[in-house]
Every structure is written in structure tokens, then in C-alpha cells.
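Full structure from sequences and hints, please.
One-letter residues, chain by chain:
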Amino acid sequence: MDILTISLVISAIHLGVPIILPMLGGLVSERSGVMNIGLEGMMLGGALAAVAVTFITGNPWLGLLGAIVSGLLSGLILAILTVTLRGNQVVASTAINLIGAGITAALVPIIWGVDGTSPSVPKIPSMTIPGLSDLPVVGPLFSSLTAMDYGTFVLAIVVWWVLFRTDAGLRIRAVGESAESADAAGIAVVRTRFIAVMTSGAFAALGGAYLSIVTLDVFQASMTQGRGYLALAALVFGKWRVWPALAACIVFGLADAFALRSQIVGIGIPHELLLALPYVLALVALATFVGRTSAPAGVGKPFVRA
Amino acid sequence: MITKRTLARNAKKVATLTLSIAAVAGLAACSSGGASAASTAAAGAPVWAMVTDQAGLGDKGFNDLAKAGIDDSVTKLGGTEQILQSTDQSQYVTNLQQAVTGGATVTTGVGFLLTDAMVQIAQANPNAKFTLIDSIAADSAGNPVPNVASITFKEQEASFLAGIVAGLTTKTNNIGFVGGIEIPSVDRFYSGFAAGIQEVNPSAKVTAAYVGDFADSAKAKELATGFYDQGADIVMDVAGAAGLGTFDAAKSLGANHWVVSTDTCKESLAPDNFLTSAVKDVQGSVLNENTAAANGTFKGGSTVLGLADNGVGLCQDNISTIPSSIMTKVTAATAAIKAGTLVPPATPDELKTFKPGTL
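Protein sequence lines, in the order shown, are assigned to chains A and B. In terms of numbering that gives the first Met the number 0, the first sequence opens at residue 0 and continues consecutively. In terms of numbering that gives the first Met the number 0, the second sequence opens at residue 0 and continues consecutively.
Worth flagging that the hints you see were computed from the coordinates, not collected in a lab. None of the values given here were measured: they were computed from a predicted structure. Take every hint as true, because none was put in to throw you off.
Output of the computed footprint for chain A on chain B, the stretches with three or more beta carbons under 8 Å from beta carbons of chain A:
#1 219-230
#2 242-254
Beta-carbon label-pair distances, calculated as ranges:
#3 A:T287 - B:A137: 40 to 46 Å
#4 A:I268 - B:D87: 23 to 29 Å
#5 A:T287 - B:D87: 29 to 35 Å
#6 B:P355 - A:L285: 47 to 53 Å
#7 A:T165 - B:P347: 54 to 60 Å
Glycine included, every Cβ here is placed at the ideal spot set by N, Cα and C.
Next comes the structure, spelled out in C-alpha cells:
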């Protein structure tokens, strides 16, 4: 009956992954100079698309593909609004959030004829890794995670490698710091931002799909419950860098898991305080470790060739 | 000097803004008007309105039940319905006022979380009629608001019966409770459940844990999984729409991981894991109040419904699968509660002083 068990870690991963995926999305978009506070709405779109495609095809992997397509679409809309039309990035991405919440809730009765919650669909199964899953103590870890969990960490490495170790990443970051200079150096600013914002949508949508076809097997209206905003907070704590932001997401997941699990074990702290833990941690981190934040210099500035 | 280019740029800006605003407005229309719009109803025809709490329709709980009551009202009393869904707490006041402005005959507010908003709107519209489910509308002096019919349930009585079933079913003597937020109705479910278990199985242990809201199924799933991990074989779900997560946890773990549910039967969510449910007749009470309004006999004030009023009870859908040895106890407890010789505790404090052994 101990709180510090391997199942706490598993729980933390389950609660952390749906924050990590949109965080990576936000990172890519903001590094290219487009503020994306529309992650929450993009997640909801992905969650619904995943369930809808799985419902039709019976295959959750195709559901994931559906989520990616929905994410690319929502990213495309945001890119058209902010890059092509040069609209205010905060206003445009807030609109994405509102549209995401409204359209997904409205589509449930249209697709399934019931309100609020879809029927259940096949979910992405967890994998048992032969050998590792028989290990003492950490064994359960290797039988309760899915390909999505492992994939998320691989994706984090890929994002870091592309952004900081490749020419393409250098171009994205250059566009995010100073679009004018990047343009003068011959980088296609508009195309770079389109790619970055659409990628961001796909990542956020995968985060939503994780909730709907990995954690659960249904879509519920507004099921993301603010995780898109938590991802943005993690991004700020991590100062727009991959590893610190990833660490922030894991701390959020761990704090949530601890708040939930410790009630079961009964450690004698009122649950209201425990449940506030992730938010308290966020405030403490912001006030002490983070200091002056350092957003990419070009975030929020529309680019127009002079 | 205004150049052509800046003009063009401004035009584009205006276009984007307009687009965004249009999108937002369109959304507002579909989120609050996920309704069969009723403002066009012929004069004189009644409009049965309802405002959900943050869980919204599809919670397989009291929102869906109240909606069924509204549907019944349309079938039996005529007129049209208007359902306003809230997705967060800031929408309660505006949704209630919108229902009144839309010409609602009676506006039903579903859930304890709407209490303050309901009092505010009912006082601002003294000629409108309201039904409040699961809470009592009282003004700042503690007097009932005269135009609100407040319906509360003795959840503890149904929950006590569910506790008897759980207490006699558990093999591990370890039972979990996943609540949404610790509000009075959740406390009534918990206290009755724990007392029912104590009554028949004093060595069984019940532990309560809370999600923090009624909508985050992923967190509810982690809680339920945690309970089963730690050896519980039964988990009671009182977490509204988030309860889906509890069922998902039980379903993933397979047979002998039971769920006791609330409000509605929910057997379809996990047929192999569904043990029983402490249900309440929200549907009937909504219809009752609407019928009273249609007949001109609507009056405000507080009504409390228990086992004796058939306002609460055990799920009847799978009652035949419960062993007769357990049902004997349930029947005895039902009789004792109706007779008033057994009073299940309604709060955790009353639970502390509850003396089992009257059966």
C-alpha cells in the first residue's frame, strides 16, 4: 500500500503524454513565430476524428491517421488566418479553440445520433515487451504502455533533432526570431510557417487522440479539460526548449498522478489541496526557476515583405 | 500618407477579424443553441427549458435523465423543448437567463453547481418558474426562493442498498469510491454506501477519492485503476460524465472488477463489470413539476424524495442477477428505511456515529 510504486510512474506517463504531444506542437509553431494558443481546440478535433475514423473503419491506427489529418486541417486554417491574412495570432487561435469545442460537440449527435458521448470503438492496445516485462519492480511498465507512449518520447527526440540539428530547423528558428532577416537570407518565410503551424496541429491532434482512443475508447464533448493550456504553460516554463518543457509536462503528469493516487493510499492530506498540486507547482516554478521568459523574438508578429 | 499597400493590408486585417468574429459567433450559436430553438413557438404553447451543468448531455446521469423528463413533458403536455448545454461554470447565469428570455414555461436547472446562478436568475425574474435538481434554492436569509421548486433526493437510501450488495459481493473486503467533487449529493451517496457496507460486512474497508471535477474521464480512470491495483474489487462511481473512466478501467481489467454506479443503470457501459446502481428518478420529478405548471398548480419550495416516495432505488435492469441471499437483506433494509426504523447517514459526520446492526 505504498504510494511510490511503479504504477505511480505508469499513471504519470498516462497523464503526461496528452500534455507532451500538444506541447511539442506549440513548440514547433512558436519557434516559427506563430503563437498557437489554439492547441486545446486542435486536440478536441483530433480526439473526435480519431474516434470517428475508428468507428467507421474499426481500426484505431487508421483513427490516429484521421486525427493527424484533422490536425493538419486545423493547422492549415490557423496558418491561413495568421500567415496569409496576417490576422492577430491570439484572436485567430482563440477562435480555433472555440470552433474546436463547438463543432466537435455539435458533430457527436450528427454522427451518432446521441448527445455528448460517442459509442465505444476499438482502442489502441498496450504492448507487452518480451523479457523486459518480466523484470522485477519495473516489469509492469513494459506491459502497460502503448506504442503511442513510446512514440511520444521518440517524437520529442525527433522534434529536438530537427529543430536544433538540421538546416530545416535552423530555418524555422530563424523565421521565428526575425522573419525579415530570414527573408533577406532567402528563406521562404510563408512556406516555413505553414509547415510549422500544420505540424503543430497534427501533434496537438495526436494528443487529443491519445485521450480518446488510448486512455478511453470514446469521444466526450470537451474531454481535453484544459490540457492544451497546460501544454502552453509547460512551453513557457521550458523557455521554448524541448527538454525543459518535456520535464515540465512530466512534472505536471507526476503531480496529477500523485494527487490521485495518494487519496487512495490515504496519506491524510485533504484532497482539495492535493488536487491543486499541479497548479501550485506551476506557480512556484514560474516564480522561482523560470525568471524572465525568453520567447522567440518574432512570436506574434505577422510577416510582410517591406 | 496612406499608400495602396497599407490600405490593402488593413482590408485584409479587417477580413481576418471579421472571419474570426463570425466563427466565434457561429460557435456561440451552436453551443448554446444545441437546442431545438423554441423562440419561434406559437404563443400559448408551453416551452420546457433545461440548462445542464458542466457535464452536459451524454453524461449518462442526471443531465440525460432530466432531458428524458423534458422529452416526456413534450410528449404528454405538448409544446416544445429548449435544451441549453453548459460546458463550464461561467455559462450557468447566461444560459438560465437565455431560457427565461426565450419564453420558457418552466426552466429546469440540473445540479448543485447551478444553485447560485439559479437563485440569482430566479430573483431577477420573479414571474418565471424554475425547477432545481439536487439542491435547494434559498435567498441570502435562508428562505426558499418562491418561484423555484427545489428537488433533492435521499441518495443515501439508495446508496445504502447498493452498499449492502457491494458489502456482500466483495471478496477482498476492499472497496473504492470515485467521486467528482465533494458536494452534498456526492457526500450523501458516499455516506449511505459506506454505511450499507458496514451494516452487512464490518470488516470491509471503503476509501473515497475525488477527481476534482465531473468531466475528466482520464483522471477518473487513473483513480479507478489505482483502486483495483491496490486490491479493491468494487469501485463506486459518482463522478458524473467522468464516470466513463471508471467503467473503462474495470472493462480493461476484465471480470471480477465491479462497478457500482449512480443516477442511471449504465449496464451497457460494461455489462460484465456492472454490479448495481443507486438510481434516482430525476426524469419523473422534472415531468411532475412541468405537469404542475401546465395545470396551474406549480409551487416553489423544497421537496425531498426518498425510497418511500419511489424517488430513489436500486437499478431494476439487472436486479434478477443479484443472488437471493443478498436480495433478502436489501428487501429488509428497504422496509426498515421506509418504516423509518433505519436512517442511513447523509453526511460523513453522521456516518461516524452510524450504528450498524439494526437489520
